[in-house]
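Colleague: Model the full structure from these sequences, guided by the hints.
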Amino acid sequence: GAGVSQSPSNKVTEKGKDVELRCDPISGHTALYWYRQSLGQGLEFLIYFQGNSAPDKSGLPSDRFSAERTGGSVSTLTIQRTQQEDSAVYLCASRPSGGGQETQYFGPGTRLLVL
Amino acid sequence: QKEVEQDPGPLSVPEGAIVSLNCTYSNSAFQYFMWYRQYSRKGPELLMYTYSSGNKEDGRFTAQVDKSSKYISLFIRDSQPSDSATYLCAMSAYNNNDMRFGAGTRLTVKP
Chain A
1 GAGVSQSPSN KVTEKGKDVE LRCDPISGHT ALYWYRQSLG QGLEFLIYFQ GNSAPDKSGL
61 PSDRFSAERT GGSVSTLTIQ RTQQEDSAVY LCASRPSGGG QETQYFGPGT RLLVL
Chain B
116 QKEVEQDPGP LSVPEGAIVS LNCTYSNSAF QYFMWYRQYS RKGPELLMYT YSSGNKEDGR
176 FTAQVDKSSK YISLFIRDSQ PSDSATYLCA MSAYNNNDMR FGAGTRLTVK P
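Listed in order, the protein sequences are those of chains A and B.
Start counting the first sequence at 1; every next residue gets the next number (this note's numbering).
Start counting the second sequence at 116; every next residue gets the next number (this note's numbering).
What the hints contain is simulated information worked out from the structure, not anything from laboratory work.
It is possible that part of the hints are untrue.
[To be verified] The calculated BS3-like cross-link candidates involving lysine-lysine, where the alpha carbons are at most 27 angstroms apart (straight line), are:
1. B:182 / B:171
2. B:157 / A:15
3. A:57 / B:157
4. A:57 / A:11
5. B:117 / A:57
6. A:57 / A:15
7. A:11 / B:157
8. B:117 / B:225
[Unchecked claim] Every beta carbon over 10 angstroms from chain A, so not counted as near; a handful from chain B, in silico:
9. 133
10. 135
11. 176
12. 183
13. 188
It should be emphasised that the depicted structure is a prediction, and the values quoted were computed from it without experimental measurement.
Virtual Cβ for every residue (Gly too), placed ideally from N, Cα, C.
Modeller: Listed below in structure tokens is the structure:
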């Protein structure tokens, strides 16, 4: 079956512009995560959606970052007024309801470069 | 101090060597421990998953957890060039959220 997909694969933008990154989770997975992976750094948790519950936004680094999940499926991560330090790989992962950490699957990521 | 420490390498070994990858952590509440493999330009994929202390073996891979020392290891026997990737450790206190990742160790296995 299809895995987690993300688009675009690569994004180059100018400092100050807004960007939208998309994640299509595995069908039926109710939990969805966004992570950021900077060069030489581990994955940094950004935000977590679980079903219809309020998202856990505790990892968002600033108010320039926001995410939404429509219809419990597709999610969009938006970064406003991008800065050079936002350059990183943004990874999305999904997990089925009731599944443990071992059932979390990652997408290939979106590589963002802010010039 | 980071919650999870992992030597980023890079680590280069000849084909057939035994590889040892390690992470240390500071949060004694961590109970679930995972190793992910990440190929270049791909997302991480789960390699090993263990709960609490002890060893777990899967083919050429063995994961060890020593909670008393807050130290986890991944051993790769008879390493192959196809094992060349970045290996990330991850851990959490609960089995449903809030994983903490190491920085990843970049491994190259030379034929």
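Colleague: Are the hints correct? Go through all of them and say.
Modeller: Now for the hints, and whether the structure bears them out:
A threshold of 27 angstroms between alpha carbons decides the hint, and for residue 182 (chain B) with residue 171 (chain B) the separation of about 14 angstroms falls inside it, so the pair holds. For a cut-off of 27 angstroms, the pair hint linking residue 157 (chain B) to residue 15 (chain A) stands: about 26 angstroms separates their Cα positions. The hinted pair formed by residue 57 (chain A) and residue 157 (chain B) meets the criterion: a straight-line CA distance of about 25 angstroms does not exceed 27 angstroms. The suggested pairing of residue 57 (chain A) with residue 11 (chain A) holds, with an alpha-carbon distance near 23 angstroms, which does not exceed 27 angstroms.
A distance of roughly 21 angstroms separates the Cα atoms of residue 117 (chain B) and residue 57 (chain A); the hinted pair therefore holds under the 27 angstroms criterion. For the hint pairing residue 57 (chain A) with residue 15 (chain A), the CA-to-CA distance comes to about 24 angstroms; that is within 27 angstroms, so the pair holds. Note on residue 11 (chain A) and residue 157 (chain B): the hinted pairing holds, with a Cα-Cα distance of about 16 angstroms set against a maximum of 27 angstroms. The suggested pairing of residue 117 (chain B) with residue 225 (chain B) is violated, with an alpha-carbon distance near 31 angstroms, which exceeds 27 angstroms.
Residue 133 (chain B), annotated as away from the interface, keeps every beta carbon of chain A farther than 10 angstroms; the closest lies near 25 angstroms. Its beta-carbon lying about 19 angstroms from the closest one in chain A, residue 135 (chain B) satisfies the requirement of being farther than 10 angstroms from that chain. The claim that residue 176 (chain B) is not at the interface with chain A holds, since no C-beta of that chain comes within 10 angstroms of its own (minimum 14 angstroms). Its beta-carbon lying about 22 angstroms from the closest one in chain A, residue 183 (chain B) satisfies the requirement of being farther than 10 angstroms from that chain.
Distance check for residue 188 (chain B) against chain A: the nearest CB is about 17 angstroms away, which clears 10 angstroms, and the non-interface claim stands.
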